[in-house]
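So the sequences go chain by chain: E and G.
Take 1 as the starting number for the first sequence in my numbering and just add one per residue.
Take 1 as the starting number for the second sequence in my numbering and just add one per residue.
The hints are simulated quantities; they were obtained by calculation from the structure and are not laboratory data.
Check before you lean on any hint, since a few could be wrong.
Unchecked claim - With a straight-line Cα cutoff of 20 Å, these simulated EDC-like cross-link-like pairs (lysine to aspartate or glutamate) come out:
1) Lys69(E) - Asp49(E)
2) Lys135(E) - Glu162(E)
3) Lys80(G) - Asp168(G)
4) Lys135(E) - Asp214(E)
5) Lys191(G) - Asp88(E)
6) Lys148(G) - Glu162(E)
7) Lys69(E) - Asp56(E)
8) Lys191(G) - Asp49(E)
9) Lys148(G) - Glu165(E)
10) Lys135(E) - Asp88(E)
11) Lys80(G) - Asp124(G)
12) Lys119(G) - Glu62(G)
13) Lys73(G) - Asp168(G)
14) Lys191(G) - Glu162(E)
15) Lys80(G) - Asp167(G)
16) Lys69(E) - Asp127(E)
17) Lys191(G) - Glu120(E)
18) Lys69(E) - Asp57(E)
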Amino acid sequence: MVLYQILPIWALTIDFRIYMKLIQILLILFSTTFFISCGDSTTSSPIADVASISLDDTNISIHSTDLQKALTATATYTDGTTANATADLTWNSSENSTLLTAVGSVFSARNGGDANLTIEYANTFYDTQNVHIKKLISIEHSDINISDIGTAQTVYLGGTFENNETNVSLQTNIRYVSDANSTITDVNATQFTLTVDYNSSSILIQVILFENTDNQQDDINITFN
Amino acid sequence: MTEVLIISNYFDIISLLYLDRTILKLKKLILFLLLVSSLFAEARVYMGMSAGAFHETFSTVEATNSSVIATLKIGYGDIKAYAVEFSVDYAYNRSKIFSTSADVSRDGNKYGFNVSLLKSFDWDIYILPFARVGFGTGFLDIDRALQKNLSYGSFQGTLGTFVPVSDDFDLELGYEIRGTSYEAINTIVTKTSYGSVSNIAYMGINYRF
Chain E
1 MVLYQILPIW
11 ALTIDFRIYM
21 KLIQILLILF
31 STTFFISCGD
41 STTSSPIADV
51 ASISLDDTNI
61 SIHSTDLQKA
71 LTATATYTDG
81 TTANATADLT
91 WNSSENSTLL
101 TAVGSVFSAR
111 NGGDANLTIE
121 YANTFYDTQN
131 VHIKKLISIE
141 HSDINISDIG
151 TAQTVYLGGT
161 FENNETNVSL
171 QTNIRYVSDA
181 NSTITDVNAT
191 QFTLTVDYNS
201 SSILIQVILF
211 ENTDNQQDDI
221 NITFN
Chain G
1 MTEVLIISNY
11 FDIISLLYLD
21 RTILKLKKLI
31 LFLLLVSSLF
41 AEARVYMGMS
51 AGAFHETFST
61 VEATNSSVIA
71 TLKIGYGDIK
81 AYAVEFSVDY
91 AYNRSKIFST
101 SADVSRDGNK
111 YGFNVSLLKS
121 FDWDIYILPF
131 ARVGFGTGFL
141 DIDRALQKNL
151 SYGSFQGTLG
161 TFVPVSDDFD
171 LELGYEIRGT
181 SYEAINTIVT
191 KTSYGSVSNI
201 AYMGINYRF
């Protein structure tokens with residue numbers, strides 16, 4: 001005896017067949033989903049998190065007359081991978097009168113000194129390093145034929161910094177002022193040269209450092225006799 | 001005389017056209033009223049609760065989540081026709097997909113709010129099959145270095161059936177597919193969004209006021 005033989009005649013109508021079909025579909029769906037639902041759940045995050053950020057350089061220093069010092073910062077993740085996060089972080093100086101910052105670089109604001117550079121993200125990740133600004137002590141220069149009055153001459157310049165570092169470029173934060181007997185016709189910061197025209201056998205060029213800051217200095221004189 | 005007749009015919013045509021349009025408008029109005037009355041004739045407010053199990057598979061990362069979900073809802077409509085439903089759901093996550101802290105063994109619970117439209121079919125077969133589509137939003141607690149919760153948006157489609165138990169009570173069985181799009185995960189350098197598809201099987205009970 002099969003099922004349809006014990007069912008009443010109405011059960012064989014089209015409605016009943018639809019009903020049975022629906023029940024069948026639902027049972028399949030339920031059993032499939034419950035079967036799947038008993039599956040595994042991921043128990044260890046596959047999405048790496050940020051572990052730390054750090055400046056790539058540790059002993060950071062910059063000459064006071066350098067245009068800038070480019071720096072990079074790295075984010076380290078929990079899975080050991082790293083990524084360049086330089087552009088995504090906030091860069092701050094502990095002392096803006098000594099050290100200025102931009103994203104990925106620092107600038108001198110005075111001739112010599114120390115300040116802390118801090119990189120930060122969302123008040124959660126930080127790294128701080130000391131930045132030392134090397135002080136310009138004196139300026140080396142080539143000689144000129146002082147007797148050749150009336151002919152513009154080129155002077156080659158180089159800086160001597162603390163720790164006796166010599167022949168360092170003088171790119172910025174520096175201005176040359178000539179005396180009444182001479183005229184500076186060109187300053188080439190790339191070639192580190194100065195072109196001077198003069199009408200006396202003795203001239204004095206005054207070097208002003210950090211003129212447009214609160215840390216202005218004019219303590220270096222270049223004399224040609 | 002001819003001219004008068006022509007003019008008269010002209011007005012007749014205009015009148016007929018006007019009448020046609022009026023009748024057409026009336027027909028539309030009548031049909032609309034019939035539709036509205038049929039939609040709301042048996043409409044009732046109802047409340048329901050359900051519990052189910054779901055399996056969530058992520059599309060851009062190898063991760064799965066098999067957990068349980070409970071829903072509370074309030075709806076308005078006819079059990080044999082249309083209804084609109086507002087629901088809140090709570091999912092107990094057994095998985096640890098977003099959280100990275102060693103202090104937690106799983107992601108936090110998920111709370112959501114959904115709006116759905118339902119169409120049920122009265123085929124005179126005792127049960128009332130229905131199809132439902134909707135969307136929702138919510139959040140889940142996570143424990144990451146930079147994020148403590150994650151919001152999400154979802155679209156869902158459901159096939160199921162009401163099983164009337166009495167005039168006021170009915171059981172509800174359903175199978176739902178839900179696509180979820182989560183808020184981007186912040187890793188400083190990148191912000192990556194993750195999406196998932198959930199298969200949900202549930203059963204519940206509704207009370208119609």
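Verification of the supplied hints:
Note on lysine 69(E) and aspartate 49(E): the hinted pairing is violated, with a Cα-Cα distance of about 30 Å set against a maximum of 20 Å. Taken as a hint, the lysine 135(E) and glutamate 162(E) pair is honoured in the structure, with Cα atoms around 6 Å apart against an allowance of 20 Å. A threshold of 20 Å between alpha carbons decides the hint, and for lysine 80(G) with aspartate 168(G) the separation of about 13 Å falls inside it, so the pair holds. Between lysine 135(E) and aspartate 214(E) the CA atoms are separated by roughly 16 Å; this keeps the pair inside 20 Å, and the hint holds.
Note on lysine 191(G) and aspartate 88(E): the hinted pairing holds, with a Cα-Cα distance of about 11 Å set against a maximum of 20 Å. Pair hint lysine 148(G) plus glutamate 162(E) does not hold up; C-alpha atoms about 49 Å apart against a cutoff of 20 Å. In summary, the hint linking lysine 69(E) to aspartate 56(E) is supported, as the alpha carbons are separated by about 13 Å, within the 20 Å threshold. Only pairs whose Cα atoms come within 20 Å are accepted, and lysine 191(G) paired with aspartate 49(E) is accepted, the gap being roughly 11 Å.
Of the supplied pair hints, the one linking lysine 148(G) and glutamate 165(E) is violated, its CA atoms being roughly 51 Å apart against a limit of 20 Å. For a cut-off of 20 Å, the pair hint linking lysine 135(E) to aspartate 88(E) is broken: about 31 Å separates their Cα positions. Our distance criterion of 20 Å between C-alpha atoms is met by lysine 80(G) and aspartate 124(G), whose separation comes to about 10 Å. Of the pairs offered as hints, the one joining lysine 119(G) and glutamate 62(G) is violated, with about 35 Å between alpha carbons and a cut-off of 20 Å exceeded.
Distance check on the hinted pair: lysine 73(G) and aspartate 168(G) sit about 16 Å apart at the alpha-carbon level, within 20 Å; holds. About 45 Å separates the Cα atoms of lysine 191(G) and glutamate 162(E), which puts this hinted pair outside 20 Å; it is violated. The hinted pair formed by lysine 80(G) and aspartate 167(G) meets the criterion: a straight-line CA distance of about 12 Å does not exceed 20 Å. At most 20 Å may separate the alpha-carbon atoms for a hinted pair to count; lysine 69(E) and aspartate 127(E) meet this at roughly 17 Å.
Only pairs whose Cα atoms come within 20 Å are accepted, and lysine 191(G) paired with glutamate 120(E) is accepted, the gap being roughly 17 Å. At roughly 11 Å between alpha-carbon atoms, lysine 69(E) and aspartate 57(E) fall within 20 Å of each other, so this suggested pair holds.
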